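Both chains are sitting in their own frames, so use the hints and assemble them into the complex.
So the sequences go chain by chain: A and B.
Under this note's numbering, the first residue of the first sequence carries the number 1, and numbering increases by one thereafter.
Under this note's numbering, the first residue of the second sequence carries the number 1, and numbering increases by one thereafter.
No lab work stands behind these hints, which were simulated from the structure alone.
Since the model is a prediction, treat every value here as computed from it, not as a measurement.
Be a bit skeptical, because a hint or two may be false.
Said to hold, decoys possible - Below, in silico cross-link-like pairs of lysine-lysine (BS3-like), each with a Cα-Cα straight-line distance of 25 Å or less:
id	chain 1	residue 1	chain 2	residue 2
1	B	10	A	153
2	A	18	A	110
3	A	165	B	23
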Amino acid sequence: MNMHYSSAGGAHRDNLAKGETLLQVDNISLSFGGVKAIQDVSFDIKKGEIRAIIGPNGAGKTSMLNVINGFYHPQEGTITFRGKERRRMRPHVAAQQGISRTFQNIALFKGMSVLDNIMTGRMTLQKRNMLWHALWHGPAQMEELEHRAAVEKIIDFLEIEAIRKTPSGRLPYGLQKRVELGRALAAEPALLLLDEPMAGMNLEEKEDMSRFILDVNHQFGTTIALIEHDMGVVMDLSDRVMVLDYGRKIGDGTPDDVRKNRDVIDAYLGVSHDD
Amino acid sequence: MFYREAGDFKTSYAADQQTFPIKSERWLFWAFIAIAFLVVPFFINDYWNKAVLMPLLIYAMAALGLNILTGYCGQVSLGTGGFMAVGAYACYKLMTAFPGMDMFSVVILSGFITAGVGLLFGIPSLRIKGFYLAVATLAAQFFLVWMFNKFAWFYNYSASGQITAPERTVFGIAVTGPSTTPWATYLFALTFVFVFGWVARNLTRGRLGRSWMAIRDMDIAAEIIGVSPLRAKLSAFGVSSFYIGMAGAMFFANYLGAIEVTEAFGIEKSFLVLFMVIIGGLGSILGSFLGAVFLVLLPVLLKNIMVGYLGWATDLAAHVQIMLIGGLIVFFLIAEPHGLAQLWRVTKEKLRLWPFPY
Numbered sequence: 001m002n003m004h005y006s007s008a009g010g011a012h013r014d015n016l017a018k019g020e021t022l023l024q025v026d027n028i029s030l031s032f033g034g035v036k037a038i039q040d041v042s043f044d045i046k047k048g049e050i051r052a053i054i055g056p057n058g059a060g061k062t063s064m065l066n067v068i069n070g071f072y073h074p075q076e077g078t079i080t081f082r083g084k085e086r087r088r089m090r091p092h093v094a095a096q097q098g099i100s101r102t103f104q105n106i107a108l109f110k111g112m113s114v115l116d117n118i119m120t121g122r123m124t125l126q127k128r129n130m131l132w133h134a135l136w137h138g139p140a141q142m143e144e145l146e147h148r149a150a151v152e153k154i155i156d157f158l159e160i161e162a163i164r165k166t167p168s169g170r171l172p173y174g175l176q177k178r179v180e181l182g183r184a185l186a187a188e189p190a191l192l193l194l195d196e197p198m199a200g201m202n203l204e205e206k207e208d209m210s211r212f213i214l215d216v217n218h219q220f221g222t223t224i225a226l227i228e229h230d231m232g233v234v235m236d237l238s239d240r241v242m243v244l245d246y247g248r249k250i251g252d253g254t255p256d257d258v259r260k261n262r263d264v265i266d267a268y269l270g271v272s273h274d275d
Numbered sequence: 001m002f003y004r005e006a007g008d009f010k011t012s013y014a015a016d017q018q019t020f021p022i023k024s025e026r027w028l029f030w031a032f033i034a035i036a037f038l039v040v041p042f043f044i045n046d047y048w049n050k051a052v053l054m055p056l057l058i059y060a061m062a063a064l065g066l067n068i069l070t071g072y073c074g075q076v077s078l079g080t081g082g083f084m085a086v087g088a089y090a091c092y093k094l095m096t097a098f099p100g101m102d103m104f105s106v107v108i109l110s111g112f113i114t115a116g117v118g119l120l121f122g123i124p125s126l127r128i129k130g131f132y133l134a135v136a137t138l139a140a141q142f143f144l145v146w147m148f149n150k151f152a153w154f155y156n157y158s159a160s161g162q163i164t165a166p167e168r169t170v171f172g173i174a175v176t177g178p179s180t181t182p183w184a185t186y187l188f189a190l191t192f193v194f195v196f197g198w199v200a201r202n203l204t205r206g207r208l209g210r211s212w213m214a215i216r217d218m219d220i221a222a223e224i225i226g227v228s229p230l231r232a233k234l235s236a237f238g239v240s241s242f243y244i245g246m247a248g249a250m251f252f253a254n255y256l257g258a259i260e261v262t263e264a265f266g267i268e269k270s271f272l273v274l275f276m277v278i279i280g281g282l283g284s285i286l287g288s289f290l291g292a293v294f295l296v297l298l299p300v301l302l303k304n305i306m307v308g309y310l311g312w313a314t315d316l317a318a319h320v321q322i323m324l325i326g327g328l329i330v331f332f333l334i335a336e337p338h339g340l341a342q343l344w345r346v347t348k349e350k351l352r353l354w355p356f357p358y
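Okay, chain B solo, but in the shape it has when bound (with noise of 0.2 Å):
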């Protein structure tokens, strides 16, 4: 009823090709993005930031860089955590080797750094593929952790091992350090989360989208088609691996604040945003969303609910939320394998006939 398209016609190809075709899907989009933009920052609270709203959308933004290596170029990645590592480490010795130099910039340069390892680690797929390959990056991630742990240089060399992320500014504004102010760092992540997102959205409808998807479809008739498969992996490494090292770069600097490798970036992250990932939707930019949206808010709202209304015990409740979680991922995969994308695309092609069948 709410959501037609009957009326809304293309006069160009440029009308058709856009991201959301159907105005009300438009305006929800916008509508959405300016509340995000416009209101939560008045309204949000430490809590909130820390809880619910860093960590969803840097989890976000790594879901995005896996989401371009493994669902829109079929290159399955174990090494999340690791790269996600890359980003976090480059971004402090770039924050304590340039003091000057202003955050969105050391982001950004952080990403590159992690492009370059991830380019690196992405050599092996010109060889082997699927779980072979899973295993491969499997090694970038234990490899990438020993060695942040072992070499001083990279902790420049702290006492404890740990990495603390020094005050740091955007306009003036400190984005990093003790005494940020929540609305600054969700400000942040947030323009990089939208950027980014959009960015995403770009590489994947174009010219080099349709190369990493048929190197995953079919990687013979791809080549033969004039796809080199050189190419198409190590872009989708490199673009995937830039991705991921912002999220591990906002995750250190303007999340957490002070890490310790192995803590932080273990194999539980790799895993974690492949669940996300796969439970989101593989190939699909609302799928890296949704998958972390709900593997983010749903730990959170089982815990408040378990906790916070019912009042159990607080080790009682998060047993039983390890259970429901795990539950639901296997709920969503039997009935939707492709994840919550797909079921968003078939609720959105029933609404399009509702209330008629078809």
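Same shape as in the complex, but just chain A (with noise of 0.2 Å):
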């Protein structure tokens, strides 16, 4: 299956090569009144690559994705994407420049059908304006036409087909998070962040999800940043792994590094089956 992003519109693309720095978080504190939610944690995320944030509840993990896409302002620290450093945004700014997101539990628009739901995700692509949409036949119709094909095309990824005029609220859990998976990857995404993409599913379900963001991975070479709990998953999925506790950072590297990382034991992971 080889499958590219349409046209239409103009998607997230940059000139960054595989590898480089998509992302640079420095010295990020981020407190709710005594909380301290995250306490100067710096990381980064390069393009091309699947990077795990994981650790205990509480941890942090959510808030940093929060940051990372705006809905958060973090008092202290800075946030560098794609070469350009942003202190406070709104998060459809951020959508704007390329990030998108699902999460932990569902946030479809329930009154919308599944293709509405998607669409929606590509709502940062279409220009056209309040005037043309009134008319209708036209540039308005057009541009919709041109971006349900590309809708089409992650409803046909996804093994969606038979649900596009579904209500998203009528689907069962498994489906929903895949229909906010292709809401996310609508946006043409340079950096897609999953918060527990994989919470709740059966054993079937996760490995589909897993199949969906490898090739998401492989096939469109969106970068993404993913949270989850299930550390099979974590660890054959990501090429990098950021482990957070109380919000300080306590390991960082590959997987293998990861799971030998003695904080990292202490903290979350337990004593290794393997040992």
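See the structure below:
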């Protein structure tokens, strides 16, 4: 299967080569009143890799994703995305720059069909304004059809053709997760953030989802940062793993490095089954 | 049996996206429109025009507007009456300030003026949600009505405080004022409702509509996907007020001819239109029309049955009518909480398979 993104709209192309730094996070500290969610964490995400963030509950993983896509504003530190440093940013601006994400607890638009949900993912790529839409026939419809074609490719890719007209609220959990991935993919992101994409799934659904994540990474070259608790999945999928505990970074490196790291074993992994 | 999609294949995305994807439905719709435009004007009389068709069309327009805001974008508004008043007074000021202007332009300009006012009152929606926003729009309702009473400039310093529509024409035919004919006002309102009903459908099916629905269904996820809440909410307020303003302008100029603001555009108007939207179906263009049909036609029908048929006293009939309508609203909301449009959708799903259960 050889797939490319459509030419419709301005996909978030950049001239970074694989392996160059896409996102650089420097000395981020985030606190809510007295609660220090993230303390002085630095890490980077290289283009084309699958980067996992793991750690026990409450370690600050989701907060870190929220910082990256502009939902939380850290008190200290800088984030450099594609060479541009930014401090405060609204989430929809981050989306326009090419960061999209899925959520820990599904955040689909329940009243909309699967097709509309995924079309919404292309929000940032569509340009026609209200007046063209009022007329519909002409430019607005042309644009809609172009994006529809791109969305249909994603629907094919995720194998959800049969449910494209179904309201997303009616779907079973596993499919909703898949639709949410489709919605995030539709934005043709430079960086895709996945917050526990496999939470609550059975083995088969996990296998499917893992395959989709790998395929996205291989076929589209999308850089992925993911949070996941299933260690088997994390170690198999990711190129590099960062470990957080109580808001601090306690480990960073390849899955093998992390697995051997004493701090990580103490804080999170426990005694390895292999030993 | 008569409603079949078998054999009705789509070979392009354009065909798949059309408003009425099923052939029989398309025919039904255009036949209905043809009758409304070509047949009804020849048979219309003053009673039907004033008691049934004009209020139906005008409330349908207002319900469309409110449905865009509340049904599609999820922002509850109780300011509909106030915004209709803005449309009416804008219409009056335009008619008196520019006597040469034709009525089409007047109504559309009134819509734009109301859209501006709506944007202003939409700003709080960026901070507050749900019931709290409803209360904020309630403030708009009372403030606007108060304003039109307080400042005599709005009613051109007339002694009664009323505003009265002078005669204005479209293509040389009077559509406002005392010398109108029923068919002229009917066709005028019908044209507006048809054109802007279509525009509402276009706006809601594309990018803009999806940004509204995304904000409605999950605003945080919408923002993270790239929907700007500011633009989505304010555009919904603007478009919604545009429709409601045009409805207000026609309510005043074409339908009643003379109004007094407290009486015509009080809080009960806001509730009436909100009920139409809820009963018709939130987030549905068809629902806006069905809601207006339900709440405009039913009282007329009940009154005719009770007074005309059964010969009851008018006051008794009026009270029974209020109770019956209240009861029916409750009944329909229990039977189908998503409104009449959903009822129609379910019926269609059943018809598709009829006579088999599945």
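### Query
Keeping to a limit of 25 Å between CA atoms, is the pair of residue 18 of chain A and residue 110 of chain A held or broken?
violated (37 Å)
### Message
For residue 165 of chain A and residue 23 of chain B, compute the direct alpha-carbon distance and say whether it is at most 25 Å.
### Response
holds (18 Å)
### Task
With a cut-off of 25 Å on the C-alpha distance, tell me whether residue 10 of chain B and residue 153 of chain A pass.
Cα-Cα ~18 Å, so holds.
The structure does not agree with numbered hint 2 stated previously, though it agrees with all others.
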